[in-house]
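Chain B: place on chain A using the hints.
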Amino acid sequence: MPREGLSMILGGPQGAGVETSMTVLARALARRGYGVIADREYFSNITGRHSYIHMYVSAKSLPRSLRYPVDILAAMDAETVFTHIDDLGERGYVIYDTGVLQKKLDEIPSMEDVTKNRVREELRRLGVEPVVEDVLNFLRDSKGAGIIGISFADVLKTLMTKHKVDPRRASRYVSGIIVSAVAVLLGLDEESIRWSFSIQFAGREDLVAQNMDVLKFVEERMRSFRGVASLEKPSNSYSKLMVATGNDVVAMGKIVGGLRYQSYYPITPAADESFTIEKYEFSEVDGVSVGPIIVMQTEDEIAAICSAIGAALTGARSATATSGPGFDLMVEGLSWAGANEVPVVITYYQRGGPSTGQPTRGSQSDLFNALFAGHGEFARVVIASGDHEEAFYDAIEAFNIAERFQVPVIHLLDKFLANTVKTVPLPDLNKVKIFRGDISSGGLNYKRFDLSKLISPRAFLGTPDTVMWYAGDEHDELGHIVEDPENRVSMYSKRIEKMDLILRELPPERKFSLHGIDKPDFLVVGWGSVKGVALDALETLEKDGLKGAYLNLKLLWPFPLDDVSKILSSVSLDRVIAVEHSYGVQIARLISMGTGMRIRKTVAKFTGRPITLDELVDALKRILLNNVDRVVLKHGA
Amino acid sequence: MVPRSYKTDLWIDWCPGCGNFGILTAVVKAFEELGLDPSKTVIVSGIGCSSKIPHFVNVNGVHTIHGRAIAFATGIKLANPELTVVVHGGDGDLLGIGAGHFVTLGRRNLDIVVIMHNNGVYGLTKGQASPTLPMGVKTKALVKPNIQQALNPIALAISAGYTFVARGYAFDSEHLKNLIKMAIEHKGAAFIDVLQPCVTFNDVFTAEYYRKRVYKLDEQPEWNPVAEKPEERVEKMIKAIEKSFEWGERIPIGIFYIDKTQSTLEERYSQRIPLYPSIHPAKSNITRDVDKPLIDNNMFEKIFKEYIVDVEHI
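Line by line, the protein sequences are chains A and B.
In this text, residue positions in the first sequence follow our numbering: the first is 1, and each later residue adds one.
In this text, residue positions in the second sequence follow our numbering: the first is 1, and each later residue adds one.
Some hints could be false.
[Said to hold, decoys possible] Derived pair list, reagent style DSS-like, types lysine-lysine, alpha-carbon separation capped at 25 Å:
#1 B:Lys292 - A:Lys279
#2 B:Lys302 - A:Lys279
#3 B:Lys283 - A:Lys447
#4 A:Lys240 - B:Lys302
No lab work stands behind these hints, which were simulated from the structure alone.
All values reported here derive from a predicted model rather than from experimental measurement.
The following block holds chain A by itself, in its conformation from the complex (with noise of 0.2 Å):
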């Protein structure tokens, strides 16, 4: 019976191109309409480690979320089976290369000891032999798993043969051969697998070629498994999709906003949105020019910011991407900006810490860092977006915050958001405004920190017949030094109170959103990617009569004390979750720190790897039935 949704794990060392078989499946799925969400895991490694693709497709809606266990298993390589054993669930699918049968688990060098010991313990607990065929035998016996084996050397050998293919490139193939298993299981048809091979290669049709015979040579392998793991016939009424990463859509969100100027030191997980923004750097369509873009590559993450807030000052929109510890090196620059009232947006992926921690795994534990960085007090604005959709949106609003009240503005996201590939429906550009707050003319009586005003018209460097001065140290309102202890209480005064301003007047939908009903028996409150698996859950929790609401908190400082409050008080404080990704579930202490409120219960997850539904519906029912305070969650490779 066709399904409603599916999951699945591709696997194998990095660099051998799982990346290219989900990018390949995900596009070939949105082609017909399905809904596709594929996080990506990865360790700090070039070649050989294992990686891995954890994906999620639905017939029924674009997925949020990500669930164990999974309905298919695609091995490239003997670690993939090892490492997910407990990630299938029952009756699922596992392809694997029938060259890697004999391999046992002490063969594998690429397998962390650590890991490898937990999967021995594991094993001999279950009775199984650390051999891929012991292991695929106890799949096929106490799960009832269809173990599908395909000889990867034979399928290259018969490519080779019939193409000619320089044997030391045979391994590009192994890609095609996961796209081709898993579109075989789905039933899949050829002709969207055609088309996304197209795409991937485009202007390459001797690749789509080959690959589209790799296809018809692994049909034929494993023809009694066609259609198998069907999915229904989509119910999305979607007619175009974007698939692209949250890196993707953030650099389109800048772009879109305005940006002309964008500096970043190569980090995880950040640099890649810089890449694609330097790929549309100008643009001309319909006779309209569209930029230029600076994209800048600088000598450290100090001259990243610095350079930032120097394009600011020339009236140009401009931001910085970074990581954690890039973060950290910025944030001298950051108090500058904060004296000195310039409008620049730091996008900040954050990721596994401290120091390099887990350079390519997701987490949520430098809110507060975001929120306190920085020597001295200054207004500056904390935005965090919980989803593709928000984060396009956010990326552009940025701009207009950081213009429209003069302060440095912190978009705040992670990994797993950077890094997860999703269907999204297109932007609807006509919600979309710019402000650029107040611009002076300038003149010969201009006074770029003007007092008269909490917001000081900007007048930008170059603005004809005006000058204008900045200092880091304390400053009249030309800008020139003055440590006048009155001067000092009206100028600090004046650069503080726009945080209340802020608060005023940015819309409630820019701070929060709440999801589900209406009377809420518990409330769920998260930031950033916990959105997506906390309204999943809601809904699943409603099936067991678990009536929950989720307060998706966006805007993060200044903290919305006073509708975070309102929202609190209408449900006992002994029903209220607090889910993030961390050991300090942080969002929880900077409720109480805003509004006095102490949330006892929590979930928090720190492996690095994302919260996946299963999970979360139960941690919240051991919290919301058996009366846990807190559940720290571990699942994931």
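Below, chain B alone, put in the same frame as chain A:
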């Protein structure tokens, strides 16, 4: 815009006799003689005595953070290449904390002038040794003789890729003014190392010390520092670097090296983006109908077509 004066009327809080006064005089004179439009001119500085200079000059001033003036200046110049951008910093500012930025500007050859107030000490924090103070020297502010080697700013700038490299002396304002004018007119990254006595903390490299020793390269008939053709480049560089190690009884000032063979960063961007720098980031439009984004739904689909899937239900 014709300024009432290229000097502001602020009281200058440098120590009496400070070399910075000579530099300020040279800068103001150079700006005047070039007739720079103050609204199109920006002085960007770091931190320290030298970095207070923007407040004393009646052009746009951006007084930033320690060591980062070049980084700020880079964003300003790239976003609005119409501006004349002059960086001022001390030797600690530019070659200690800011060394990475200093080197990178050379590598980029962006059209910025860097004027280094070189006094061998960190004046505003009471006289610690800077990266240009030779090893073994003990100024009166130091507890013990300097234990670290000095670096050679001229040799560093040339090897980093600056295409105009010169040295001036703070109390020869006329000569320094001419160097500054030439540096501003030069297309590409320009560096001027200015020997600047610190009357309070450096009792070794004093005005007296320099007066006896400095001589002008420009007055040496055999000295030709300009690389006009690519094949002259390495030879001129080596000669200039060799000359930069002359330090002791005689100290050369003047132009060490001019490279006319290299493209500027602005020119490289112009090749990639044809409209740059005539339509630059600071001047390009980002809206239509007052507050709508320049990119509408239709344009969005055309620009980002590689991310967009036309759904075909079968």
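> Any of the earlier hints contradicted here, and which numbers?
Replying inline: Violated: none.
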